[in-house]
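*Asks:* Here are the chains, one letter per residue:
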Amino acid sequence: MCLAIPGKIIEIEKNVAKVDVGGILRDISIDLCPDVSIGEYVLIHTGFAIQKVDEEEAQETLDLLRKMAEAI
Amino acid sequence: MKFIDEFRDKEIAEGLIQRIQKTSTRPIQLMEVCGTHTVSIFRYGIRGLLPKHIRLLSGPGCPVCVTPNIDIDLAIALSRQKDMIIVTFGDMMKVPGSTSNFQKEKAEGRDIRIVYSSLEALKIAKESPGKKVVFLAIGFETTSPTIAVALIRAKEEKIRNLFFLNSQKRVPPALRALLQSKQLGIDGFILPGHVSTIIGTKPYQFISEEFGRPAVITGFEPLDILQGISMLIEQIEANRAHVEIQYRRVVHDEGNPIALSKIYEVFEEDEGNWRGIGLIPNSGYRFKEPYNEMDVRNFDVEVEPSKEHPECLCGEVLQGIKTPLQCRLFKVVCQPENPIGPCMVSIEGTCHTYFKFSD
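Residue numbers (my numbering), protein chains in the order written: chain A, 1 to 72; chain B, 1001 to 1359.
Be aware that one or more of the hints could be misleading.
DSS-like cross-link-like pairs, simulated, lysine-lysine; straight-line CA separation at most 27 Å [as the list claims (entries may be wrong)]: (1) B:1158 <-> A:67; (2) B:1123 <-> A:8; (3) A:14 <-> B:1126; (4) A:8 <-> B:1104; (5) B:1158 <-> A:14; (6) A:18 <-> B:1202; (7) B:1010 <-> A:67; (8) B:1052 <-> B:1202; (9) A:67 <-> B:1104; (10) A:14 <-> B:1002; (11) A:52 <-> B:1202; (12) B:1010 <-> A:8; (13) B:1155 <-> A:18; (14) B:1104 <-> B:1356; (15) A:67 <-> B:1002; (16) B:1123 <-> A:18.
Calculated directly from the structure, the hints in this document are not laboratory data.
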């Protein structure tokens, strides 16, 4: 029920964005995330963008994960 | 980056498991609060990869499972009224009420429609003048802002035939209730990542400050979960208790302030009724004015007396006190095709997950 998936913003028209989710295009509301831009990733839940996905943070987490795994 | 496959890397997972094995020295119980976590933990076999002295308990984080049957009974009673359309998320269709469910009622000819988004309820209401449309508003803080947006738009667009049966829940007060329970010893929480994208870290601070337990807001891919568990173990071994964020790519301390402002424009906090658990202070919402005009509880409708199957253990399962394997009904008569309790209905229900992934 709290499932949310990342999708890439392709188009924005007012408070509706077209997103690419694994190659499938869907329209979602950006009422809860109005400051998104084309090319950014958002987390999608029940037809709404609920948060931007921060690519830099994702990369930092992956780098940290690698370090944690290698430190053994 | 697609933010999915990168977090399923086998080599990193193996390194994390070794790290957990090396750092964890004492028996502990960690609770994964969210049903989506339970599904991921079973799907990726994470329980079997952890040292035996680390026990994972499944928590109450399944909105479908905790919707009380009196609310389902009310929706069913409404569906039997003339010119009424009930609109619901699909997960609710097979959830048993006291004597019926939506799927059976639909087969009997009631107008019950499944939607993916709250905004579809708005569309149905616009297209159905002369009918009353009732949206079954269930969900945790992840979903509540989307429901709030539908209410705000309905008000702005002067849609007068749309109503809401509010059965939403707030997660942090339920965690407080679990920590206050003497039946459970929880050493740390794997906190729900998507609820936390909305509420941030502040509402969880009591877990460390008042109860001295660590908590880590965790994502849903296998590496996220392993890292979250590793962060919890490192805190426990160092006798630290803080609320930390593993799922940094979407969770910030402040949450999503716009989403929170939508929730609190429409609702205020109130006690919540959790199926199998009961009333928990501040764990639900009630409508604020003027949105209370859209509260379906204002309707005059007779509802059958509420009853549960006497042997169903969903209440104990939701609190992590018992596992589905301790329920006499599990697999024998209670199965996904014939669920006796709500935990067997939802794909994120603990009983459903055990049924799907256990031998």
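*Asks:* Now tell me if each hint is right for this structure.
*Replies:* We went through each hint and held it up to the structure:
A threshold of 27 Å between alpha carbons decides the hint, and for residue 1158 of chain B with residue 67 of chain A the separation of about 56 Å lies outside it, so the pair is violated. A distance of roughly 25 Å separates the Cα atoms of residue 1123 of chain B and residue 8 of chain A; the hinted pair therefore holds under the 27 Å criterion. For the proposed pair residue 14 of chain A and residue 1126 of chain B, the alpha carbon gap of about 21 Å is at most 27 Å, so the pair holds. Of the pairs offered as hints, the one joining residue 8 of chain A and residue 1104 of chain B is violated, with about 39 Å between alpha carbons and a cut-off of 27 Å exceeded.
Taken as a hint, the residue 1158 of chain B and residue 14 of chain A pair is honoured in the structure, with Cα atoms around 20 Å apart against an allowance of 27 Å. For the hint linking residue 18 of chain A to residue 1202 of chain B, the alpha-carbon distance of about 33 Å lies beyond 27 Å, and the restraint is violated. A hinted pair counts as satisfied when its Cα atoms are at most 27 Å apart, and residue 1010 of chain B with residue 67 of chain A qualifies at roughly 14 Å. Annotation: proposed proximity of residue 1052 of chain B to residue 1202 of chain B is violated, straight-line Cα distance about 33 Å (limit 27 Å).
Proximity of residue 67 of chain A to residue 1104 of chain B is assessed by CA-CA distance (about 54 Å); at most 27 Å being required, the pair is judged violated. The straight-line distance between the Cα atoms of residue 14 of chain A and residue 1002 of chain B is roughly 25 Å, inside the 27 Å bound, and the hint therefore holds. Our distance criterion of 27 Å between C-alpha atoms is met by residue 52 of chain A and residue 1202 of chain B, whose separation comes to about 20 Å. For the hint pairing residue 1010 of chain B with residue 8 of chain A, the CA-to-CA distance comes to about 25 Å; that is within 27 Å, so the pair holds.
Restraint check: the Cα-Cα separation between residue 1155 of chain B and residue 18 of chain A comes to about 26 Å, which is no more than 27 Å; the hinted pair holds. For the hint pairing residue 1104 of chain B with residue 1356 of chain B, the CA-to-CA distance comes to about 24 Å; that is within 27 Å, so the pair holds. Among the hinted pairs, residue 67 of chain A with residue 1002 of chain B is consistent with the structure: their alpha-carbon atoms are about 21 Å apart, no more than 27 Å. Between the alpha carbons of residue 1123 of chain B and residue 18 of chain A the distance comes to roughly 19 Å, so the proposed pair stays at or under 27 Å and holds.
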